[in-house]
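S.K.: Chains as they are written, first to last, in the working numbering: chain Z, 1 to 328; chain D, 1 to 328.
Note that these hints are calculated values from the structure, not bench results.
Quick reminder that beta carbons are idealized off the backbone N, C-alpha and C, glycines included.
Any given hint could turn out to be false.
[To be verified] Result set (DSS-like, lysine-lysine): computed pairs, CA atoms no more than 30 Å apart in a straight line:
#: 1; chain 1: Z; residue 1: Lys211; chain 2: Z; residue 2: Lys152
#: 2; chain 1: D; residue 1: Lys62; chain 2: D; residue 2: Lys109
#: 3; chain 1: Z; residue 1: Lys114; chain 2: D; residue 2: Lys120
#: 4; chain 1: D; residue 1: Lys39; chain 2: D; residue 2: Lys62
#: 5; chain 1: Z; residue 1: Lys62; chain 2: Z; residue 2: Lys39
#: 6; chain 1: D; residue 1: Lys120; chain 2: Z; residue 2: Lys120
#: 7; chain 1: D; residue 1: Lys120; chain 2: D; residue 2: Lys39
#: 8; chain 1: D; residue 1: Lys152; chain 2: D; residue 2: Lys211
#: 9; chain 1: Z; residue 1: Lys120; chain 2: D; residue 2: Lys114
[Unchecked claim] So the derived label-pair ranges between C-beta atoms look like this:
#: 10; chain 1: D; residue 1: Asn253; chain 2: Z; residue 2: Gly74; range: 27 to 35 Å
#: 11; chain 1: Z; residue 1: Ser182; chain 2: D; residue 2: Trp64; range: 52 to 60 Å
#: 12; chain 1: D; residue 1: Ile242; chain 2: Z; residue 2: Met288; range: 36 to 44 Å
#: 13; chain 1: Z; residue 1: Glu281; chain 2: D; residue 2: Cys239; range: 51 to 59 Å
#: 14; chain 1: D; residue 1: Cys164; chain 2: Z; residue 2: Lys109; range: 21 to 29 Å
#: 15; chain 1: D; residue 1: Thr284; chain 2: Z; residue 2: Ala235; range: 41 to 49 Å
#: 16; chain 1: Z; residue 1: Lys211; chain 2: D; residue 2: Asn147; range: 34 to 42 Å
#: 17; chain 1: D; residue 1: Val275; chain 2: Z; residue 2: Gly286; range: 24 to 32 Å
#: 18; chain 1: D; residue 1: Lys211; chain 2: Z; residue 2: Glu281; range: 34 to 42 Å
#: 19; chain 1: Z; residue 1: Val236; chain 2: D; residue 2: Ile117; range: 33 to 41 Å
#: 20; chain 1: Z; residue 1: Ser217; chain 2: D; residue 2: Leu282; range: 43 to 51 Å
#: 21; chain 1: Z; residue 1: Val167; chain 2: D; residue 2: Leu282; range: 22 to 30 Å
#: 22; chain 1: D; residue 1: Cys186; chain 2: Z; residue 2: Lys114; range: 43 to 51 Å
#: 23; chain 1: Z; residue 1: Lys114; chain 2: D; residue 2: Asn253; range: 16 to 24 Å
Protein chains: 2
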Amino acid sequence: MEDEPSISKEITKSTDFYIGILLAVCSSLFIGTSFIIKKISLTRLSRIGALRAGAGGFGYLKDWFWWLGISAMGFGEILNFAAYGFAPASVVTPLGALSVLVSAILASKFLNEKLTIVGKLGCLLCILGSTMIILHAPKEEPLENFNLFLSKLQEPAFAHYMICMVVLCSAILCCLGPRFGSRYVCVYITLCSAIGGITVMACKAIGLALKSYSVTSLLSYPTFWLLSTIILIMAVCICVQITYLNRTLDLFNASIVTPTYYVFFTGFVIAESIVLFREWELMTAGDMAGALCGFFVTVVAVFVLSTSKDGHQQTRHLGVNTYFAVKS
Amino acid sequence: MEDEPSISKEITKSTDFYIGILLAVCSSLFIGTSFIIKKISLTRLSRIGALRAGAGGFGYLKDWFWWLGISAMGFGEILNFAAYGFAPASVVTPLGALSVLVSAILASKFLNEKLTIVGKLGCLLCILGSTMIILHAPKEEPLENFNLFLSKLQEPAFAHYMICMVVLCSAILCCLGPRFGSRYVCVYITLCSAIGGITVMACKAIGLALKSYSVTSLLSYPTFWLLSTIILIMAVCICVQITYLNRTLDLFNASIVTPTYYVFFTGFVIAESIVLFREWELMTAGDMAGALCGFFVTVVAVFVLSTSKDGHQQTRHLGVNTYFAVKS
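In isolation and in its complexed conformation, chain Z is listed as follows (with noise of 0.2 Å):
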């Protein structure tokens, strides 16, 4: 009888882990699914002979189907938020590349932008990785409740990471980014990234929050304060992050942006984990090889996926699709 209440812990906590993967995956559909609806709109307006967006148009806000690309995109990433409260970041975070299958999937099929070969490789991929992702996370997630999570900040570990991130970010923003930013596609996709995993460190502090107290208790002194200033932060990391990254999409071509910012973005949420949240402690020697497998795995199916949806529309005349054209 003893073992009872342990057991249905367990349980709990092995549901907890597949409705946060839901979740995650359900994210990406949406997320996915809200850049085809947006650039069906934009197309539309286009031919009905408004003036484009990227010609500084706003027709497109009095369209309803462009409306529901955003929120669809907001729905997504509220779906996304709730996962961090359910499992681990190590695993939500990698599986956002589900979205750049779902996007390439549906561009295929509602955009007429033909798949190559390479593209469905991509997909393929993607599933595999994330897969593999799925089947090596811990099980168990190491921070269960809001407390937990705040004696996780008191530790040593907490303030080393702080002072790296805040002497990297200053250093790419006052020194490297005006000096190197415009050649290296990594210097702000750096910043980005160590943002966002403190983004993701909020994310997942208001998550395990709203999970583990009472409305009451959530408005009540000493928590309803703590939650307010880690909001405003995540609000700050948000905007830094937004306008760094269109920065960088100026300057390069997404086909290199996006997988360089997957690699480096699941690359600080996963030192994160390993740094303040012990995650990986749960993992056996052959999990840990399997999900980097899968990481890995992930990040060749990113990069296939963005150049071979770029190269359709900007490399036609390097003959990249005459080449998988006569191939399949």
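Dock chain D against chain Z, hints included.
M.R.: Chain D only, in chain Z's frame:
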């Protein structure tokens, strides 16, 4: 004290597995290298003005370097053969993909065949897929010795499997082959793979016999004749395989034949492992999913590697290299 023999048996089993993996990896190393050595020899001969092999020349028979290549290949095949005696067939066969990796890397080093970015991705995927296959392989060998193997042959599953194979091979040889063999690459590849599966079974039998018996009992009455029959069957199978693989290579491009053969051959060996050796009974659902992911990643890798390698030589005019030279 009672547990001691079973513990030492466990250790032997696990050591056997890693010996098998090591043998399979070394085998791929030798076979991969042998392709390059033979090619270097042929290139060198054509440079000094000898009649090319493709045009009917036999000058290579006098070149010690060509013989070195043949020896490397033979030695590799022997190691591969030995690997089947130690590790499950469903691990040893897929690891054959590593020879494609080795020859791609060595070709870029010694034959000046520049490895494109797609080729590099293929190499990475090959390593990742193979790692996953090893991670998820059943670590215990259900067939410990030759007697167990013989008892498996008396089960109805073996008879059913052999009837299916005979029907399939006869259908291809008599009816499907002459009609569709020159139009579809799968026809003769299916024949080669089905017969290849039987070769693997024979290899396994001989490997187990060499492992379990002393020389005197190998030469004793029933075993000697049984083994001779198995060796004869194996020799016939290898001849049929080589004949029809060469016919397919004559009809189709190697970049299509290599990955197709890899997929079909490994597929038949895995089917055999399931039906006859029940290797997968020892695996959990997670391990099965992981091993399948690894297999498919390796399939993509072999496809990418053979396409990019051939692409470099044959499809330069289609611009695939230009494309990646611009990208990288």
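S.K.: Among all the numbered hints in the text so far, which are the ones the structure does not match?
M.R.: Violated hints (numbers, rising): 10, 14, 16, 21 and 22; every other hint is consistent with the structure.
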